[in-house]
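Input sequences plus hints: build the corresponding full structure.
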Amino acid sequence: MLTKTLLIFCVLCAFLLIGCSKTETTDNGNMAAGNSNKTTTSTPAAKTASTGEKIGVPECDDFIAKYEACVSDKVPEASRAQFKSSITEWRKSWKQLAANPATKGTLAAACKQSAESARTSMKAYNCSF
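The sequence shown begins at 528 in the numbering used here and counts up by one.
What the hints contain is simulated information worked out from the structure, not anything from laboratory work.
Since we're looking at a predicted model, the values are computed, not measured.
Hints may contain errors.
Claimed, not checked - Computed list of lysine-lysine pairs in DSSO-like fashion (alpha-carbon distance at most 30 Å, straight line): (1) 611 - 601; (2) 601 - 639; (3) 611 - 650; (4) 622 - 581; (5) 639 - 581; (6) 631 - 619; (7) 593 - 611; (8) 622 - 611; (9) 581 - 611; (10) 639 - 619; (11) 619 - 581.
Claimed, not checked - Distance windows between CB atoms, simulated: (12) 583 - 656: 29 to 35 Å; (13) 650 - 626: 29 to 35 Å; (14) 605 - 632: 20 to 26 Å.
The C-beta atom is built at its ideal place from N, Cα and C for all residues, glycine as well.
Take a look at the structure:
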């Protein structure tokens, strides 16, 4: 059961990252210059929201904080909603997995894998985490 849950979780993360990467290539060139001022004005609120809800697994908390900072600082405003919904879904599913002692042990590895995938897909926005 643990293996099935982890597999479903990894597939879900892969789909989210693939979906996000498709948006990156279509919006990045069109929106990057027009939103330079907008990204800096919304940054403080987004960083405040990222500190509110922790997963309880350091690898997951670190990844979500860095990913959320990248989205708030570097992703064009028009694409942010999709990325933020991914963050919300990660938090929700990872909190459930962290609450279950049977799955909590594998969660750190899953978060590391998600961070590696996101590192590759977010290079289009010059994010490094």
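To see whether the hints hold, each was checked on the structure:
Proximity of residue 611 to residue 601 is assessed by CA-CA distance (about 13 Å); at most 30 Å being required, the pair is judged to hold. The straight-line distance between the Cα atoms of residue 601 and residue 639 is roughly 22 Å, inside the 30 Å bound, and the hint therefore holds. Taken as a hint, the residue 611 and residue 650 pair is honoured in the structure, with Cα atoms around 17 Å apart against an allowance of 30 Å. Of the supplied pair hints, the one linking residue 622 and residue 581 holds, its CA atoms being roughly 8 Å apart against a limit of 30 Å.
Taking the CA atoms of residue 639 and residue 581, the gap is near 16 Å; set against the 30 Å cutoff, the hint holds. Distance restraint check for residue 631 and residue 619: the Cα-Cα separation of roughly 14 Å lies within the 30 Å cut-off, and the hinted pair is therefore satisfied. With a CA separation close to 13 Å, the supplied pair residue 593 and residue 611 stays within the 30 Å bound. At most 30 Å may separate the alpha-carbon atoms for a hinted pair to count; residue 622 and residue 611 meet this at roughly 16 Å.
Straight-line distance between C-alpha atoms of residue 581 and residue 611 comes to about 15 Å, which keeps the hinted pair within the 30 Å bound. The straight-line distance between the Cα atoms of residue 639 and residue 619 is roughly 17 Å, inside the 30 Å bound, and the hint therefore holds. Proximity of residue 619 to residue 581 is assessed by CA-CA distance (about 10 Å); at most 30 Å being required, the pair is judged to hold. Remark: the range hint 29 to 35 Å for residue 583 to residue 656 is contradicted by a beta-carbon distance near 20 Å.
For residue 650 and residue 626, the hinted distance range of 29 to 35 Å is satisfied, since their beta carbons lie about 33 Å from each other. At roughly 39 Å, the beta-carbon separation of residue 605 and residue 632 lies outside the given 20 to 26 Å, and the hint is violated.
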